[in-house]
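Quick note, the sequences are listed as chains A and B, same order. Residues in the first sequence are numbered from 0 upward in steps of one, following numbering that gives the first Met the number 0. Residues in the second sequence are numbered from 0 upward in steps of one, following numbering that gives the first Met the number 0.
Just so you know, the hints here were simulated from the structure itself, not pulled from any lab data. Note that CB positions come from ideal geometry on N, CA and C, so glycine has one too. Where hints are given, some of them may not hold.
Stated by the list, open to error - Partial list, computed: chain B residues near chain A (C-beta under 8 Å):
#  : residue
1  : GLY136
2  : THR171
3  : ARG194
4  : ALA195
5  : GLU199
6  : MET200
7  : MET203
8  : THR204
9  : ALA206
10 : GLU207
11 : GLY209
12 : LEU218
13 : THR230
14 : MET232
15 : PHE250
Residues per chain, in single letters:
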Amino acid sequence: MSGILLVLEQRDGHISRISWEALAAGQLLASETGLAVSAVVVGAATESLAAEVAAKAVGRVIRVEHPLLAQYTADGFILALHQLIESEVPAYVVFAHTYQVRDYAPALAARCGSVLIGDVTGIGAGPTFTRQLLQGRLNGSYRPTGAGPCFISVQAGAFRSDAVEAGTAEVTIFTPSIDTAQIRTTPSAPFRGSAQTVDLGSAQAIVAVGRGIKGEENLLLVRELATVLGAELAASRPICDNGWLPMERQVGSSGQTVAPKLYVAVGISGAIQHLVGMKGSQCIVAINKDPEAPIFEVAGYGIAGDLFEVVPALTEAVKAAKK
Amino acid sequence: MKIIVAIKQVPERDAQIRIDAAGKWIEESGFQYAMNESDAYALEEALQLKEKHGGEVVVLSAGPERVGTTIREALAKGADRAIHVDCADLSARDALGVARLLAAAIKPESPDLVLAGLQSDDLGQGQTGVILAELLGLPHATLILQVEKTETGLRVKRELEEGWFQWIDLPTPAVLTIQSGGNKLRYATLMGIKRAKTKEMRAMTAAELGVDAAPVVVLERVALPLKQKTTQMLPGTAKEAAAALVEKLKFEARVL
Numbered sequence: 000m001s002g003i004l005l006v007l008e009q010r011d012g013h014i015s016r017i018s019w020e021a022l023a024a025g026q027l028l029a030s031e032t033g034l035a036v037s038a039v040v041v042g043a044a045t046e047s048l049a050a051e052v053a054a055k056a057v058g059r060v061i062r063v064e065h066p067l068l069a070q071y072t073a074d075g076f077i078l079a080l081h082q083l084i085e086s087e088v089p090a091y092v093v094f095a096h097t098y099q100v101r102d103y104a105p106a107l108a109a110r111c112g113s114v115l116i117g118d119v120t121g122i123g124a125g126p127t128f129t130r131q132l133l134q135g136r137l138n139g140s141y142r143p144t145g146a147g148p149c150f151i152s153v154q155a156g157a158f159r160s161d162a163v164e165a166g167t168a169e170v171t172i173f174t175p176s177i178d179t180a181q182i183r184t185t186p187s188a189p190f191r192g193s194a195q196t197v198d199l200g201s202a203q204a205i206v207a208v209g210r211g212i213k214g215e216e217n218l219l220l221v222r223e224l225a226t227v228l229g230a231e232l233a234a235s236r237p238i239c240d241n242g243w244l245p246m247e248r249q250v251g252s253s254g255q256t257v258a259p260k261l262y263v264a265v266g267i268s269g270a271i272q273h274l275v276g277m278k279g280s281q282c283i284v285a286i287n288k289d290p291e292a293p294i295f296e297v298a299g300y301g302i303a304g305d306l307f308e309v310v311p312a313l314t315e316a317v318k319a320a321k322k
Numbered sequence: 000m001k002i003i004v005a006i007k008q009v010p011e012r013d014a015q016i017r018i019d020a021a022g023k024w025i026e027e028s029g030f031q032y033a034m035n036e037s038d039a040y041a042l043e044e045a046l047q048l049k050e051k052h053g054g055e056v057v058v059l060s061a062g063p064e065r066v067g068t069t070i071r072e073a074l075a076k077g078a079d080r081a082i083h084v085d086c087a088d089l090s091a092r093d094a095l096g097v098a099r100l101l102a103a104a105i106k107p108e109s110p111d112l113v114l115a116g117l118q119s120d121d122l123g124q125g126q127t128g129v130i131l132a133e134l135l136g137l138p139h140a141t142l143i144l145q146v147e148k149t150e151t152g153l154r155v156k157r158e159l160e161e162g163w164f165q166w167i168d169l170p171t172p173a174v175l176t177i178q179s180g181g182n183k184l185r186y187a188t189l190m191g192i193k194r195a196k197t198k199e200m201r202a203m204t205a206a207e208l209g210v211d212a213a214p215v216v217v218l219e220r221v222a223l224p225l226k227q228k229t230t231q232m233l234p235g236t237a238k239e240a241a242a243a244l245v246e247k248l249k250f251e252a253r254v255l
């Protein structure tokens, strides 16, 4: 077994930010194991992407290129990368934990007789890999024990993309053999959901509500708080799933990313899917009955208490302060 | 259409977390359990497809005896019958090991469609459906919000990142992982709960399915997340805490 294969993704024609973070994780793993990193770009025309990566401290850049890889399909990517893995026999295969990787990497790992350790937030001695369990309330440390390559994908924001070292690398091309009939799914062009009439991204203050609010009829409480703060109302996914607030008011990985001056999270436990959408806010306030809730990790100020008492009290206190 | 829905029983969200003596998992005694959220949406999608196109909905769940209550809940909501892979050592198996169990139970059923939730609320690996597709040799699509039947198979709406979506056509049989929020979940009716008691629930063991537990990755240790303790917690009654917070927001953070 040799080296570390690092599979990078593009976004708008460039290597994506989270892919650079994955590269930083790959370099960390390289220093932990003494193995060399080869970067992999996949597509139908990967020359410029490969050039971007070749300016970094990687041993080699491999362009996995085929006309049938022009558009992402799980079948195409699994076939191509499986052939590359058979040829390279890597010890580790590292990905960024994106929606695309979640779509194919578990199957690719299974085809190699292995299991993906997904959404990794840390690499420890051994190496062992840390990932979050129970919606971020517990950390688990995983050790690969199989004979095949070890597959990991790293969580957005867990490794620093500015830690990637510069260098020069040779570029090689790998041409997989893929037949049209092997691609069983036909994806259409991506489209935007209904026109967004709420731009949470430009809001100065946001009051966001989560599962803790319990019922639609209780939304009035947070609406009143939002009104006195001059804030937009937003929500975590379950509230929008239930239809209590429209999808366009959802903050998180499947909704909007916001960074207001003030973000008040009410009854939101703070699963990573929500945190990625709001942790850049200037001042975060969390109100939650569970003092161990992960939301308190990103909050500047926290009140561990019953939101049905705290929110009305806060509304009154803000009103009084603004008089 | 014959549809198999894989569902998982998971601890209730607000379960108190205490690490067990070996430091390898949490104390589960006293836990309440529930149907995994995205699996509930997968079940709902299956029931709606059956209502539109006819066929059968079979619920499949692996785990110890207690998962029977979650299976009964699915039957009460309208699933026709159930398969329980009776397995007390589920947590000792990795994602591939669990998928192998489920695939072995699915294969002889030859379904037209296999649905699973996007990911579990406890381990959150989000892999079962994708690995099932690989083991069953079927095409798959993930993060699906909407499923439409076409002449040749299915047309499904996939959620991408940041408000983007995509339609995907694929032939059946196929495997889909379902994202939450695509449908409104139904409640079990009293009649449904009554009828669930008479529906078939077949149990089979891992040994009967010929699947061993040898894992490729091992959860070696669990730990509570390290607190960075940068949060200023404001104590007192609701009124006191609210007043203290307004002070802080006004004079310290200066955002009011």
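Taking the hints in turn, this is what the structure says about them:
| no. | hint | in the structure |
| --- | --- | --- |
| 1 | GLY136 | violated (10 Å) |
| 2 | THR171 | violated (11 Å) |
| 3 | ARG194 | violated (27 Å) |
| 4 | ALA195 | violated (24 Å) |
| 5 | GLU199 | violated (30 Å) |
| 6 | MET200 | violated (28 Å) |
| 7 | MET203 | violated (22 Å) |
| 8 | THR204 | violated (22 Å) |
| 9 | ALA206 | violated (22 Å) |
| 10 | GLU207 | violated (22 Å) |
| 11 | GLY209 | violated (17 Å) |
| 12 | LEU218 | holds (5 Å) |
| 13 | THR230 | holds (5 Å) |
| 14 | MET232 | holds (5 Å) |
| 15 | PHE250 | violated (10 Å) |
Comparing the model with each earlier hint shows violations of hints 1, 2, 3, 4, 5, 6, 7, 8, 9, 10, 11, 15; every other hint is respected.
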